[in-house]
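Student: So the chains spell out like this:
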Amino acid sequence: AQRVTQPEKLLSVFKGAPVELKCNYSYSGSPELFWYVQHSRQRLQLLLRHISRESIKGFTADLNKGETSFHLKKPFAQEEDSAMYYCALGGSNYKLTFGKGTLLTVNP
Amino acid sequence: NAGVTQTPKFQVLKTGQSMTLQCAQDMNHEYMSWYRQDPGMGLRLIHYSVGAGITDQGEVPNGYNVSRSTTEDFPLRLLSAAPSQTSVYFCASSSQAGVSYEQYFGPGTRLTVT
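Quick mapping for you: the protein sequence lines, in order, are chains A and B.
If you read the first sequence in this note's numbering, its first letter stands for residue 982, the second for the next number, and so on.
If you read the second sequence in this note's numbering, its first letter stands for residue 2, the second for the next number, and so on.
Keep in mind the hints are simulated off the structure, nothing from the lab.
Among the hints, erroneous ones may be present.
As the list claims (entries may be wrong) - Selected chain B positions facing chain A (in silico; Cβ < 8 Å):
id	residue
1	Gly41
2	Ile55
3	Val61
4	Gln104
5	Gly107
Claimed, not checked - Only pairs whose alpha carbons sit at most 27 Å apart, straight line, appear in this in silico DSS-like list of lysine-lysine:
id	chain 1	residue 1	chain 2	residue 2
6	A	Lys1038	A	Lys1081
7	A	Lys1054	A	Lys1003
8	B	Lys10	A	Lys1076
9	A	Lys1076	A	Lys1054
10	B	Lys10	A	Lys1081
11	A	Lys1046	A	Lys1003
Remember, predicted model here, so these are calculated numbers, not experimental data.
Glycine included, C-beta positions come from ideal geometry on N, C-alpha and C.
Just chain A, with the same shape it has in the complex (with noise of 0.2 Å):
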């Protein structure tokens, strides 16, 4: 079975702090890794996936298999960074699964 942890709910920053949101899985297989975001009343979009290797909006996220994590890191957060974040994991059988998110509040 193939699960995604968010252990934060809420995670309230001040603009200008590092922040990190937090995400682990369990896979057997080789796990593919995304990140999405939603800001309010909007619809889920994609932020990062872990096989691009790619910094978004000054977002990053590096899988370490050993300890079974992905987590979402930006150096310095804006207000605008303020929306729900969702970890996903796809496996082999078609069906990508969501953690229960991350709602990051930045304070200006």
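Given chain A, work out where chain B should sit, using these hints.
Tutor: Quick look at chain B alone, frame taken from chain A:
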């Protein structure tokens, strides 16, 4: 391109009523799926389709039916609505029949069952 569209945006049903949530995409995507989003539960997969004529169950399929007669459309039917089906429903599509590819989401349908 309109991307992924969903209708209606809002719906209120009485317990026992049936209805169909519509989903369409104009990107010629093979893979389509339905999720429900509930507070504290994240998104849970209801049903998915890897192409026209092919559907399969996700994590929470009970009480829902789907069909995929065309590449563009993937309607979700609630057979007999229950208060537990009060949720926000999202449809998504991707270019390939596999989760390696970016999922494009619709704007959602907010359903209340009284």
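Student: Holds or violated: is there a CB of chain A closer than 8 Å to the CB of Val61 of chain B?
Tutor: Nearest chain A Cβ about 12 Å off; hint violated.
Student: Keeping to a limit of 27 Å between CA atoms, is the pair of Lys1046 of chain A and Lys1003 of chain A held or broken?
Tutor: Holds. Lys1046 of chain A to Lys1003 of chain A sits at ~14 Å (cutoff 27 Å).
Student: Starting from Lys1076 of chain A, check that the Cα of Lys1054 of chain A is at most 27 Å away, please.
Tutor: holds (26 Å)
Student: Hint Gly41 of chain B vs chain A: min CB-CB distance below 8 Å?
Tutor: Result: holds, 6 Å to nearest chain A Cβ.
Student: Min Cβ distance, Gln104 of chain B to chain A: is it shorter than 8 Å?
Tutor: Holds, about 6 Å.
Student: Given the proposed pairing of Lys10 of chain B with Lys1076 of chain A, does the C-alpha separation stay at or below 27 Å?
Tutor: Cα-Cα ~25 Å, so holds.
Student: Next pair to validate is Lys10 of chain B with Lys1081 of chain A; report whether the Cα-Cα distance is within 27 Å.
Tutor: Judged against 27 Å, a Cα distance of about 23 Å means the pair holds.
Student: What's the verdict on Lys1038 of chain A and Lys1081 of chain A, does the C-alpha distance respect the 27 Å limit or exceed it?
Tutor: holds (23 Å)
Student: With chain A as the partner, please determine if Gly107 of chain B meets the hint condition of a C-beta pair closer than 8 Å.
Tutor: holds (6 Å)
Student: Regarding the hint that Ile55 of chain B lies at the interface with chain A, is the smallest CB-CB distance below 8 Å?
Tutor: Given a least distance of 10 Å, the restraint on Ile55 of chain B is violated.
Student: If you draw a straight line from the CA of Lys1054 of chain A to the CA of Lys1003 of chain A, is it 27 Å or shorter?
Tutor: holds (9 Å)
Going through the hint list in order, the structure does not satisfy hints 2 and 3.
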